[in-house]
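2 protein chains.
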Amino acid sequence: MKSLKITSLVAAAAVTISAFSLPASAADRVYKLKMAETWSSNFPIFGDAPRNMARIAESMSNGRLKITIDSSNKHKAPLGIFDMVRSGQYDMGHSASYYWKGKVPNTLYFTTMPFGMTTPEQYGWFYHGGGMELMQKTYQPLGLESYPGGNTGNQMGGWFQKEINGLEDLKGLKMRIPGFAGEVLAKLGAKPTNIASGELYTALERRTIDALEWVGPSLDLRMGFHKIAPYYYTGWHEPATELQFLVNARAMKKLPEDLREILRVSMKLASYDMYIQSYHESAENWVTMKTEYPNVEVKTFPKEVLAAMKKANDELLAEKAAADPLAKEILDSQAEYMEKVRVWTNISDRAYLDSIDSLDK
Amino acid sequence: MKSLKITSLVAAAAVTISAFSLPASAADRVYKLKMAETWSSNFPIFGDAPRNMARIAESMSNGRLKITIDSSNKHKAPLGIFDMVRSGQYDMGHSASYYWKGKVPNTLYFTTMPFGMTTPEQYGWFYHGGGMELMQKTYQPLGLESYPGGNTGNQMGGWFQKEINGLEDLKGLKMRIPGFAGEVLAKLGAKPTNIASGELYTALERRTIDALEWVGPSLDLRMGFHKIAPYYYTGWHEPATELQFLVNARAMKKLPEDLREILRVSMKLASYDMYIQSYHESAENWVTMKTEYPNVEVKTFPKEVLAAMKKANDELLAEKAAADPLAKEILDSQAEYMEKVRVWTNISDRAYLDSIDSLDK
Chain A
174 MKSLKITSLV AAAAVTISAF SLPASAADRV YKLKMAETWS SNFPIFGDAP
224 RNMARIAESM SNGRLKITID SSNKHKAPLG IFDMVRSGQY DMGHSASYYW
274 KGKVPNTLYF TTMPFGMTTP EQYGWFYHGG GMELMQKTYQ PLGLESYPGG
324 NTGNQMGGWF QKEINGLEDL KGLKMRIPGF AGEVLAKLGA KPTNIASGEL
374 YTALERRTID ALEWVGPSLD LRMGFHKIAP YYYTGWHEPA TELQFLVNAR
424 AMKKLPEDLR EILRVSMKLA SYDMYIQSYH ESAENWVTMK TEYPNVEVKT
474 FPKEVLAAMK KANDELLAEK AAADPLAKEI LDSQAEYMEK VRVWTNISDR
524 AYLDSIDSLD K
Chain B
174 MKSLKITSLV AAAAVTISAF SLPASAADRV YKLKMAETWS SNFPIFGDAP
224 RNMARIAESM SNGRLKITID SSNKHKAPLG IFDMVRSGQY DMGHSASYYW
274 KGKVPNTLYF TTMPFGMTTP EQYGWFYHGG GMELMQKTYQ PLGLESYPGG
324 NTGNQMGGWF QKEINGLEDL KGLKMRIPGF AGEVLAKLGA KPTNIASGEL
374 YTALERRTID ALEWVGPSLD LRMGFHKIAP YYYTGWHEPA TELQFLVNAR
424 AMKKLPEDLR EILRVSMKLA SYDMYIQSYH ESAENWVTMK TEYPNVEVKT
474 FPKEVLAAMK KANDELLAEK AAADPLAKEI LDSQAEYMEK VRVWTNISDR
524 AYLDSIDSLD K
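As given, the protein sequences belong to chains A and B, one line each in that order. Quick note: the first sequence uses the working numbering, first residue 174, plus one each step. Quick note: the second sequence uses the working numbering, first residue 174, plus one each step.
These aren't lab readings, by the way, just hints derived from the structure by calculation. Any given hint could be a false lead.
No copy labels: a pair is met if it fits in one copy or bridges any two.
What the hints assert, rightly or not - With a Cα cut of at most 25 Å, we get these calculated PhoX-like pairs of lysine-lysine:
id, residue 1, residue 2
1, Lys534, Lys513
2, Lys484, Lys427
3, Lys463, Lys247
4, Lys513, Lys276
5, Lys472, Lys534
6, Lys513, Lys360
7, Lys513, Lys426
8, Lys484, Lys344
9, Lys344, Lys513
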């Protein structure tokens, strides 16, 4: 009752409505976009981002913009998104930019980099440090537009059967770790490999591989790795994995300007939202893992190992920068931005977290 | 030329357009909302958030939703937003929830709390941990809707003329630090005070006050405090200051559902965007401060001082929880969420940042 009384005192608000007819062209048609995603149907978090995007785009446009999503079960080409969107078979895709490095090498740099920026740092680079412009420079000649597609947050370094106490322990280590981070480990004598996700659990359990990295607690929990590997290493190789919305530029041009804006805003919001969802799910799922398997130990690689990884990483990046002017432009931009922004991270969030943590010791 | 060639190979994309008439009611009127902000005109970052919100709402609605913004120069009541939106004099406001604690004590908890959550942690609480529901429970009986309005990121502990080496140094310390954090310091013998922003520089320069907190480099730079105080302390009292969009519930109800969704999405996106803008500006401005005044030293309060602040904070919160069941519900929700999410922060971003930092030592 108290609340009803208070509400009744609120005066009518000052919304004014004026009769005003808008051009009919923008309001009287339904535009349909077809999107293909890398993920299989019902894939958590990664699959939520494009669906959240489509849902808010449809409700904001009052049904004028309808986006349908085909999962990999349907289109059968999880890593064919780039080609299918470029050819116009699909108008849009949801995937990750670094999957296209074999086709267009500079696409590697718009997802995350080993020893690179954290999530808020990388969003700062995208939106205020020139990142979006460099991504456009990379994708525009291909007839594509690329946008952030949701962040996983800091990824864990992976599940290990044995402790890594020094560089010797990396020699011959069979680890599922795809992409550029795999190249870094290969330089240190490890044997990186890729294995289909459905076979990972058995491979780790039967010691076909010694270690693997997947994402973090948000997605690792349902894979069950905590049941069969005792060491969970903290991250170094994917500090801010940003997925990707890929849009065929001609499809974008066919939309009226208000729907283009609705699409851009929906993609941007769904991406930020996936970051927060991932953060939350990781927190929840880590509690579950630790409760079910209290013996799981969180470990950080020794300084000697991290330093060697960093050196190998720097050498590989220097090779890429020397071979391609746009690669150099992107990598220089990232390095300059990170140097500046990391100082701020260290005196703000990190100093704060260290302060609080010191009180418990 | 190369880029043109590639573009010409892209096939026409599969946008399909169907003739379909929508109900005229949603599309043929312009809705105008009046918003009042706490900030003066041209106030950076804080003032950008509502303007970015209004701009994307207008462009997504194709001009059907127009939001005009009055700064405090015009409405003359920077801390009157709550009353003006509640009475319907304005449809919306942009301010901060903790400014209303004198009117409705439980509004204190929806901005940031000393020793509380970081920005991604707090967004996790708002959107997945029950925070939005508790905020609604607090504001709904008042005829108001409250939404996140943009985050400053971790705020610095402030500018000090003298080092704080122990609890003795807090006794009698005259510091501009308003609100709840001021109450915490008062318990430790400091003399918190509030001074209008235009007089802060002179007060600190002439030692009328010994210290002050403002925001962080993003907004402190133009205040010039780095020119007159040698110590910049890291944060403890506002780890994730979230501004607020306040909406008169009747004004919201008068909008058609698609414009309500456009408004909600625009507010949510502008808030995340302000977090990233603040992060970026802090990084940039800290470089500027440090270049112009290289002798400025970043300091962290000694453990003894932090522990005493934390204890005083906990005691004050316990009093508030004991006095009001909704306060207890909110504070318990925050404490439980933070306990869970901080473990994840520590093994993800913090472990990563520590790893990287250790390589330079």
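query: Any hints this thing doesn't respect? Which numbers, in order?
result: Failing hints, ascending: 2, 3, 4, 6, 7 and 9.
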